Amino acid sequence: METKIDTKIPWMCDKCHQALVAQKVKVRYLEGNFEVELLKCPTCNMVFISEDLALGKILEVEKSLEDK
Amino acid sequence: MDLDKLLEIGNQCIHSEPPVCVASCPVHMDVIAFVSEIDKGNFAGAYKIMEAKIPFSRLIGKICDHPCETHCVRKDVGGSIRISELEKTVIDLGYATPKKPFLLPKNKGNVAIIGGGLSGSVAAVELDKKGYKVTIYEKSNRLGGSLWEYEGKGLETSVIEEELLGIEKKGMSIFYNTEVTEETLQSYIEKYDAVYLGAGSWSKAYTIHPDTFQADALSLFIGGKIQATKRSVIGSVSSGKRVAVSIDRYINKTSMTASREREGIFETKLVYKTDTIKPLDTMVKISTFYSEVEAKEEANRCLKCQCDACIKACVHMQRFNITPDSYIRSINHNERIVLGNRSANTMINSCTECGLCKEVCPIGIGMADIIHATRESMVERGKMPLSAHDFALKDMQFSQSDAFSLVRPQPSKEQSKNLFYYPVIAFSGYARGLYKGSGKTGYLFYPGCQLSATHTDIIGEIYKHVVGVIKAKEADNDVGLYLGCCGAPADWAGRLDLMPASVQKIHTVWEEMGEPTFILACSSCASTFEKYLPMIKTISLWEVLDKYGLPTTDIKKGRRVLSIHDACASRHNTAVHESVRSIVKTLGYSIEELEYSKEKAKCCGYGGLVSNANPEQAEEFVEDRIHESEQDILVYCAMCKDAIVKGYKQAYHILDLIYGTQEIPQKMPTLSERQNNRKRLKRQLLKEIWNEEEEHAVDTTYDFTLHMSDEIVSLMEKRFILLSDIEKVVDHSLTCKERFFNPETSNFLARLRVQNVTYWVKYEEKGSDITVKDVYSHRMEVVEG
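Chains as they are written, first to last, in this note's numbering: chain Y, 2 to 69; chain P, -13 to 771.
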């Protein structure tokens, strides 16, 4: 799953008051396991997923895994 | 799933069967394509179509004996299309001098053609085209044989000469004035790889294979006048072409007979009914030939016969541009594929399983059962896309849980004694019904999960009314109540694994209650009961109301006209059709029947869970249905109303009319409201009718108040996100502070995984007021940490 992450976003972790950083994150669905670069809080590791990503690339990958 | 059996069914589909004109043409000219080109005014294009199947089409087109016209389907509705006349005009207007042919090396074998008549000349050019070195032996001093009989009688000398000269130009060897006799034939057989005998007369009789034209001697093929039983120009052309195929196969040592069943004239399986076709008379030509305009008009009369009854009736087949034959091939492929994408999944989940295709199919192929079996097979093999039906199945689980599920016998006399006093007992049929309580449940009112969610506030009224009217006539039979979900969503989703528990639960209730008759208010419940619980006797609420009496309502004569949208699940239930119509008329409305009604009812798009699996397809079903009538629509299924109202068409549920208020709501509850309504209904009925408080009723309460705009609510509907999901996300984010913050907008963004879905909520927080700004979800799991 290749994604282009927009790193210039204003969102920050509310708990840790940290700016988000792009890092490899494990994602999985059905039989699929991937490592993909996503934005996350460097301290608590909470991963940020934007609406565009959820309804765009992620949905597309979900659908193709469902049809495998 | 027996895929081979399935493919056999697909082969029975007549969509791809040729029209009778093509089947009765010995060379199978594509008549539909031919007239379509004329219709467009493209006479050159039409000529090309003739040329593709008819050798010497410039000559044959003028003298063809046109067996096609005898069988034309237009015959009894204005007269057969004059295909032969059209051909003549097409030759005059569309013929172009052929380009100089590219000469191929002739190295596939040597063939002798004995007799350069029509069939011989055709066989010669066909074999030449296939790469054989052809030698023609002709008794007379010219080729063409019987063609010359038409000289001056349809064919001009110069044109015959020009066309026959074409054979010589191809470089074939032609020996004129060379007669081959029975005595000399053997030497030709020995000399050549194959011999075609197409002489005009021959005294020796041979056994000739009727399909391959092969004679006793294996390399000898006989056609033309010797073989033909009756004279036909196009028949001779056909035999010449077929002989060329046989000789090619013989020399190449391939099967002489395989896949040749449909050569020459054959019977098509296509059935094309003309009962609704308006007669249109044959175009009369003013001069010898049709003019361009006349030809176009005549071509325009062609019905372009093709069976598309199911496609015309079904927007699903239209969307995927598919017919049962190709649909079945796609299913076969989807089922057999080992590696790669199952590209037909979405299509298979976009059928409403309504069964209309079977109703309109002249040979009775129904896709509903096939698609249903496919879904079951997909589930069984773990290949059913999870997202397709997940929401509907969770909703079903909710309705089957204690949140909604409820079974109660009719309140006993003892429980109801506070009603048995004047004037209540005098004016309430319900009170009198309770007074007659027998303790034996003869009927069980089962409103179903969707009606309970959309008509929550009248379910109790209906129950009381039914108790009153039934007890008035059948004192022995009490009427109980059963709230629950029949399991239709699981059935539609192909989840055979979920059916036994669902069915067993209903069966147990039925047994424990003394095998009562179920009164059903939902057509989908009725079909689920029929399929999985055939031992349970059922009756529709509409029959009960029609037979035992309607509640006292405002009945006015001369009310407006309504069109009835029958529920597709009830297409074969004439008792339902009749009782609904009877009730509507009793209430004072008149009915304008839709073209697709009763057994031909069209689905609203909810069936088969299409609105879950493919919302766009579901919208197309609604769109198609609502344009069928100018009138407002009357329905008797809660989901039909939901679908039609969503298509911005006025729709009334029959209960809206029976329990009519002035303004019948045209806004349906949201997915979240539906669940809440079901919960509320259970609580209300328990309290009002059985005087019980719900046990273990725990409603989660939160310390915040959610605010949502209409846009957010419609986004939630579109994305199948419940209010309870949003509450969980927000609550979790407030409790654990797991959320993102945007300093530019002061918005928060939080996420929570609930079962197999991660929900995201963007919100603004002002004290305990939470204003939702956005909601979305994904199924992909993110491993944090």
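Calculated directly from the structure, the hints in this document are not laboratory data. Small disclaimer: the values here were computed from a predicted structure and weren't measured. Keep in mind that a hint or two might mislead.
[What the hints assert, rightly or not] Below, a list of computed lysine-lysine pairs in the BS3-like style, where the Cα atoms sit at most 30 Å apart:
(1) Lys704/P <-> Lys673/P
(2) Lys491/P <-> Lys58/Y
(3) Lys27/Y <-> Lys491/P
(4) Lys64/Y <-> Lys714/P
(5) Lys94/P <-> Lys27/Y
(6) Lys69/Y <-> Lys704/P
(7) Lys723/P <-> Lys9/Y
(8) Lys450/P <-> Lys58/Y
(9) Lys450/P <-> Lys27/Y
(10) Lys64/Y <-> Lys380/P
Which earlier hints turn out false for this structure, listed by number in ascending order?
1, 2, 3, 5, 8 and 9
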